[in-house]
Amino acid sequence: MTEQAPPPQGVTVFLVDDHALFRSGVKAELSRAGSAGPGTGAGILVIGEAGSVDEAVAGIGHLRPDVVLLDVHLPGGGGAEVLRRVRAAQPDVVFLALSVSDAAEDVIAVIRAGARGYVTKTISGRELVDAVHRVHAGDPVFSPRLAGFVLDAFSQRPGAAPVGDPELDLLTPRERDVLRLLARGYAYKEIAAELFISVKTVETHVSSVLRKTQLSNRYALSRWASDRRLV
Amino acid sequence: MTLMTHPGRRVTIPGVSTPPEHAPVPSPGPVGVPAPGPAPEPATRAVLCRGRSGRVVGGVASGIADHLGVPVLWVRVVFVVLAGLGGAGLLGYGLLWAFVPEGADAGDRPGTAREQQQAIGLVALGVGLALAAAALGNSWSGWVTGPLGVALVGAAVVWREADETQRRRWMSGAGAVFGGGRTGVLRVLAGVGLVVAGITVFLLNQVDLGQVQFGLLAVVATLVGVAVLTVPWWLRLVRDLGEERRARIRTEERAEIAAHLHDSVLQTLALIQQQSGSGREVRRLARGQERELRSWLYGPLGYGRAGREPVRGSLSETLAAVAGEVEDTYAVSVEVVFVGDCPADEALAPLVLASREAMVNAARHAGVGEVSLYAEVEPTEVHVFVRDRGAGFDPGAVPEDRHGLADSIHGRMERHGGTVKVRTGPGEGTEVQLAMPRPESGEHT
Numbered sequence: 000m001t002e003q004a005p006p007p008q009g010v011t012v013f014l015v016d017d018h019a020l021f022r023s024g025v026k027a028e029l030s031r032a033g034s035a036g037p038g039t040g041a042g043i044l045v046i047g048e049a050g051s052v053d054e055a056v057a058g059i060g061h062l063r064p065d066v067v068l069l070d071v072h073l074p075g076g077g078g079a080e081v082l083r084r085v086r087a088a089q090p091d092v093v094f095l096a097l098s099v100s101d102a103a104e105d106v107i108a109v110i111r112a113g114a115r116g117y118v119t120k121t122i123s124g125r126e127l128v129d130a131v132h133r134v135h136a137g138d139p140v141f142s143p144r145l146a147g148f149v150l151d152a153f154s155q156r157p158g159a160a161p162v163g164d165p166e167l168d169l170l171t172p173r174e175r176d177v178l179r180l181l182a183r184g185y186a187y188k189e190i191a192a193e194l195f196i197s198v199k200t201v202e203t204h205v206s207s208v209l210r211k212t213q214l215s216n217r218y219a220l221s222r223w224a225s226d227r228r229l230v
Numbered sequence: 000m001t002l003m004t005h006p007g008r009r010v011t012i013p014g015v016s017t018p019p020e021h022a023p024v025p026s027p028g029p030v031g032v033p034a035p036g037p038a039p040e041p042a043t044r045a046v047l048c049r050g051r052s053g054r055v056v057g058g059v060a061s062g063i064a065d066h067l068g069v070p071v072l073w074v075r076v077v078f079v080v081l082a083g084l085g086g087a088g089l090l091g092y093g094l095l096w097a098f099v100p101e102g103a104d105a106g107d108r109p110g111t112a113r114e115q116q117q118a119i120g121l122v123a124l125g126v127g128l129a130l131a132a133a134a135l136g137n138s139w140s141g142w143v144t145g146p147l148g149v150a151l152v153g154a155a156v157v158w159r160e161a162d163e164t165q166r167r168r169w170m171s172g173a174g175a176v177f178g179g180g181r182t183g184v185l186r187v188l189a190g191v192g193l194v195v196a197g198i199t200v201f202l203l204n205q206v207d208l209g210q211v212q213f214g215l216l217a218v219v220a221t222l223v224g225v226a227v228l229t230v231p232w233w234l235r236l237v238r239d240l241g242e243e244r245r246a247r248i249r250t251e252e253r254a255e256i257a258a259h260l261h262d263s264v265l266q267t268l269a270l271i272q273q274q275s276g277s278g279r280e281v282r283r284l285a286r287g288q289e290r291e292l293r294s295w296l297y298g299p300l301g302y303g304r305a306g307r308e309p310v311r312g313s314l315s316e317t318l319a320a321v322a323g324e325v326e327d328t329y330a331v332s333v334e335v336v337f338v339g340d341c342p343a344d345e346a347l348a349p350l351v352l353a354s355r356e357a358m359v360n361a362a363r364h365a366g367v368g369e370v371s372l373y374a375e376v377e378p379t380e381v382h383v384f385v386r387d388r389g390a391g392f393d394p395g396a397v398p399e400d401r402h403g404l405a406d407s408i409h410g411r412m413e414r415h416g417g418t419v420k421v422r423t424g425p426g427e428g429t430e431v432q433l434a435m436p437r438p439e440s441g442e443h444t
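Chains A and B, in that order, are what the protein sequence lines are.
Start counting the first sequence at 0; every next residue gets the next number (numbering that gives the first Met the number 0).
Start counting the second sequence at 0; every next residue gets the next number (numbering that gives the first Met the number 0).
Keep in mind that a hint or two might mislead.
Okay, derived cross-link-like pairs now, SDA-like style, lysine to any residue, Cα gap no bigger than 20 Å in a straight line [unchecked claim]:
#, chain 1, residue 1, chain 2, residue 2
1, A, Lys188, B, Gly428
2, B, Lys420, B, Glu356
3, A, Lys188, B, Pro425
4, A, Lys188, B, Arg422
5, A, Lys120, B, Ala285
6, A, Lys188, B, Gly424
7, A, Lys120, A, Glu48
8, B, Lys420, A, Glu193
9, B, Lys420, B, Glu377
10, A, Lys120, B, Leu292
11, A, Lys120, A, Ser30
12, A, Lys120, B, Glu291
13, A, Lys26, A, Arg63
14, A, Lys120, B, Val264
15, A, Lys120, B, Arg286
16, B, Lys420, B, Ala390
17, A, Lys120, A, His18
18, A, Lys188, A, Arg173
19, A, Lys120, B, Glu289
20, A, Lys120, B, Val367
21, A, Lys120, B, Gly287
22, A, Lys120, B, Arg282
23, A, Lys26, A, Gly50
24, A, Lys120, A, Ser51
25, A, Lys120, B, Arg283
Covered stretches of chain A, as calculated for chain B (at least 3 residues, CB under 8 Å) [to be verified]:
#, segment
26, 137-150
27, 175-183
Simulated from the structure, these hints should not be mistaken for lab results.
Glycine included, C-beta positions come from ideal geometry on N, C-alpha and C.
Input sequences plus hints: build the corresponding full structure.
What follows is the structure in structure tokens.
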């Protein structure tokens, strides 16, 4: 499934989740899927884990992992707080949000705080390995649900907020097409085939959507967050 | 016994700058009335009994001082003052001496020589005052002693009936009466003045004004005085009521959550343990419970609608319910993603039914556990995509007698002006794409 070959030394991963049982489950899943054979995403190494915001900030600062798998709900401020405290000091650490939450404000909040992607905890081990490699390679990972939230936030329906900065507040038709296919559960490769573009172009569109989601001040985005006083 | 901070010999009330010496004299009555003003709150309140070691006459004063936690000198001074008022102090002391039991080891502070001297002086003074008051006749002291005696006896009765917590609350409440620094003192003085004036006028109603008018005036003045004095108690009462109400709401919420978790999650876990042999059944139960809990947690519609005004009978709600039915019936999981929403009116019913049929087909024939449904509401059209990554099929090779796709989906959609596209192939999974025009565009909320 991966478009990028894993780097020879492997990808180092740091796990942040307040449920120890879930952490050990993910670790087992990653090692099983990671060593399932050639072709699957091999070379993932879990180098540390944490169960709270403070532990996570300390652990990430000390171990300098490539990718952090971050739970949205954590004691001490949540995943967004970890992002705020780590990203200033270590901008090269990549975060992938991993949560059971279905709430738009939770998902959008961690994305806007700087996470490069969001997947639900029901994801299979193989898909998780794939997602880790993808964010490590610099590409966003959009679950169908996240794609749906973003489409909703940028919708141009009657009653939607006026557009302030067209560059940030509007999606291009192509970006919208890509997001729709993501929401329908298509993989990047399938989207590329469907739209007659290269996988690289799909990745570029998704990165652009991620940037707009993080930077746009669309009312719909801020409303989700401000409803729960997250901004 | 609750742990309380021990403030020493003074109540530390924020904003009170007056030292206890300048605060109004405490007036513990013969039977032990709460002393307003500087009253430390001992961690353990001593039982009222007469002191032995610090006694001068009968140990009554030191016993009361221990019980209330005030300096024994103040108690003695109060007795002396009361003795001057028609001998009430002497009477009260005598009664207490008779009725209060002697403590076994009470009075843990042996009186110093100076204290003894002081006390003996006070005894002499009290007896002298009582004699002087008797000699002067009752004209002055009578109307003060009467009401004061009644008030003290009443307060003493209440004090004895109250439990430990209430007493402590009253003590701090009494502190609050004198709280608030200069304004607090002014308020107390004004209140006391009004009460005294009211009672005085009421008792000396032989003045030359109209009797009724004057009586009314006296009553009003007394009531106002009492109201001014008791302002902190009223405030406390209102606060307590609010606090109680909040606590009750919290309790009810906890009870509701507990009841919900019991009815749903615990029941499901019990069922899962019973069915642990059947993977399919466990999966179905777990998925159904997950769906139910999510919709309960994330708002009336669930499925990512949190923070939005729920549209009753909306398309998203209807489709989510249908997806839930399919999940329960066929033990698959359907991931539902919505963009936009609209009311689920009659015209969209065929779309909902066709979506259901597509999900059922995917669940029955694809051979995978996951189906995804994506619905997007646009101003003029509604799109629904039902997709699986399962076996797929060759559309040309579908036998004639398989009516599911032809009738339930194609026929139904086309009769109502919708369109159907199916993308599939052996081993490629299946995606059913449904589109239905919306009856009245612009009705979108």
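Hints, verified against the model:
1. Among the hinted pairs, Lys188(A) with Gly428(B) is consistent with the structure: their alpha-carbon atoms are about 15 Å apart, no more than 20 Å.
2. The suggested pairing of Lys420(B) with Glu356(B) holds, with an alpha-carbon distance near 14 Å, which does not exceed 20 Å.
3. Taken as a hint, the Lys188(A) and Pro425(B) pair is honoured in the structure, with Cα atoms around 19 Å apart against an allowance of 20 Å.
4. In summary, the hint linking Lys188(A) to Arg422(B) is supported, as the alpha carbons are separated by about 16 Å, within the 20 Å threshold.
5. Between the alpha carbons of Lys120(A) and Ala285(B) the distance comes to roughly 14 Å, so the proposed pair stays at or under 20 Å and holds.
6. About 17 Å separates the Cα atoms of Lys188(A) and Gly424(B), which keeps this hinted pair within 20 Å; it holds.
7. Our distance criterion of 20 Å between C-alpha atoms is met by Lys120(A) and Glu48(A), whose separation comes to about 17 Å.
8. Pair hint Lys420(B) plus Glu193(A) holds up; C-alpha atoms about 15 Å apart against a cutoff of 20 Å.
9. Distance restraint check for Lys420(B) and Glu377(B): the Cα-Cα separation of roughly 18 Å lies within the 20 Å cut-off, and the hinted pair is therefore satisfied.
10. Straight-line distance between C-alpha atoms of Lys120(A) and Leu292(B) comes to about 16 Å, which keeps the hinted pair within the 20 Å bound.
11. Of the supplied pair hints, the one linking Lys120(A) and Ser30(A) holds, its CA atoms being roughly 16 Å apart against a limit of 20 Å.
12. About 17 Å separates the Cα atoms of Lys120(A) and Glu291(B), which keeps this hinted pair within 20 Å; it holds.
13. Note on Lys26(A) and Arg63(A): the hinted pairing holds, with a Cα-Cα distance of about 18 Å set against a maximum of 20 Å.
14. As the CA atoms of Lys120(A) and Val264(B) are separated by approximately 19 Å, the hinted pair is consistent with the 20 Å bound.
15. Restraint check for Lys120(A) and Arg286(B): the C-alpha separation of about 13 Å stays at or below 20 Å, so the hint holds.
16. Straight-line distance between C-alpha atoms of Lys420(B) and Ala390(B) comes to about 18 Å, which keeps the hinted pair within the 20 Å bound.
17. The hinted pair formed by Lys120(A) and His18(A) meets the criterion: a straight-line CA distance of about 12 Å does not exceed 20 Å.
18. Using a Cα cut-off of 20 Å, the hinted pair Lys188(A) and Arg173(A) holds, with the two alpha carbons roughly 16 Å apart.
19. A C-alpha spacing of about 12 Å is found between Lys120(A) and Glu289(B), which places the hinted pair at or below 20 Å, so the restraint holds.
20. The straight-line distance between the Cα atoms of Lys120(A) and Val367(B) is roughly 19 Å, inside the 20 Å bound, and the hint therefore holds.
21. Annotation: proposed proximity of Lys120(A) to Gly287(B) holds, straight-line Cα distance about 17 Å (limit 20 Å).
22. With a CA separation close to 16 Å, the supplied pair Lys120(A) and Arg282(B) stays within the 20 Å bound.
23. Between Lys26(A) and Gly50(A) the alpha-carbon distance is near 14 Å, which keeps this suggested pair within the 20 Å criterion.
24. At roughly 18 Å between alpha-carbon atoms, Lys120(A) and Ser51(A) fall within 20 Å of each other, so this suggested pair holds.
25. Straight-line distance between C-alpha atoms of Lys120(A) and Arg283(B) comes to about 18 Å, which keeps the hinted pair within the 20 Å bound.
26. Chain B is given as covering the segment 137-150 of chain A, and this holds because 6 residues of the stretch bring a CB closer than 8 Å to a CB of that chain, at least three being needed.
27. Counting residues of the segment 175-183 of chain A whose CB falls under 8 Å from any CB of chain B gives 3; the rule of at least 3 is met.
The earlier numbered hints are all upheld by this structure, with none contradicted.
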